[in-house]
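**Student:** Keeping the supplied structure of chain A fixed, place chain B upon it in accordance with the hints.
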Amino acid sequence: KAGVTQTPRYLIKTRGQQVTLSCSPISGHRSVSWYQQTPGQGLQFLFEYFSETQRNKGNFPGRFSGRQFSNSRSEMNVSTLELGDSALYLCASRPDTGAYGYTFGSGTRLTVV
Amino acid sequence: TQLLEQSPQFLSIQEGENLTVYCNSSSVFSSLQWYRQEPGEGPVLLVTVVTGGEVKKLKRLTFQFGDARKDSSLHITAAQPGDTGLYLCAVSNTGNQFYFGTGTSLTVIP
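Sequences listed follow chains A and B, in order.
Sequential numbering from 20 applies to the first sequence in the working numbering.
Sequential numbering from 1051 applies to the second sequence in the working numbering.
Chain A extracted, bound-state conformation (with noise of 0.2 Å):
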């Protein structure tokens, strides 16, 4: 069974630009969701789709957006980035919601210079 699969491993943007990530979970599940990590804050929850639908959102400004497809496929978008946006990007999936655990692809890490 593949895993998550998150495109692409590593990103350098430059302050001001818009950044497009892209999550392929587990077949079968129709949960994702993603979050950001950083050294300072941990890990820190972005929001979460399910069925093509957003049904969950972090404390993220409007810059941070993101949709889910058909095939349970999900992209997150960053539009003017700033410097505080450098971190690891986490893509999780799950089967369901309740308390199945996630299964978390290796991250894009963005560096915004």
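Simulated from the structure, these hints should not be mistaken for lab results.
Keep in mind that a hint or two might mislead.
As the list claims (entries may be wrong) - Taking CB as the label site, the calculated pair distances span:
| id | chain 1 | residue 1 | chain 2 | residue 2 | range |
| --- | --- | --- | --- | --- | --- |
| 1 | B | Tyr1072 | A | Thr24 | 30 to 38 Å |
| 2 | A | Thr39 | B | Glu1067 | 21 to 29 Å |
| 3 | B | Gly1066 | A | Arg82 | 46 to 54 Å |
| 4 | A | Gln73 | B | Gly1102 | 29 to 37 Å |
Glycine is no exception: its CB is placed at the ideal position from the N, C-alpha and C atoms.
**Tutor:** Structure of chain B alone, referenced to chain A:
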């Protein structure tokens, strides 16, 4: 204010030693998970606990969920270099959104 407090923040021990790391909160949760993350990779789920007082064992790792479902501990027996990593706990009330602690960074020296 952190919802979850993990301690210690850093831990460096010799191979073969035992250790315990903790995950504490003032709130009650319906479920708690432990993950291990290695550098440059995403976290990997180790265990999910849902019942107060529950104890689960995974080879040399023993996980306990507090009776009041506010805290948890992870005990590793005879640590090995392969146990090195960032140990994260995560909790949820709704099952839809999980809150992660900042983790315990463990280094096991050969």
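**Student:** All the hints need checking, so say for each whether the structure fits it.
**Tutor:** A quick look at each hint next to the structure:
Against the hinted window of 30 to 38 Å, the Cβ-Cβ separation of Tyr1072/B and Thr24/A comes to about 34 Å, which satisfies the hint. Taking the beta carbon of each, Thr39/A and Glu1067/B are about 46 Å apart, not inside 21 to 29 Å as hinted. The hint said 46 to 54 Å for the Cβ distance between Gly1066/B and Arg82/A, and at roughly 49 Å that hint holds. In this structure, Gln73/A and Gly1102/B meet the distance hint of 29 to 37 Å, their C-beta atoms being roughly 32 Å apart.
In summary, the one numbered hint that this structure violates is 2.
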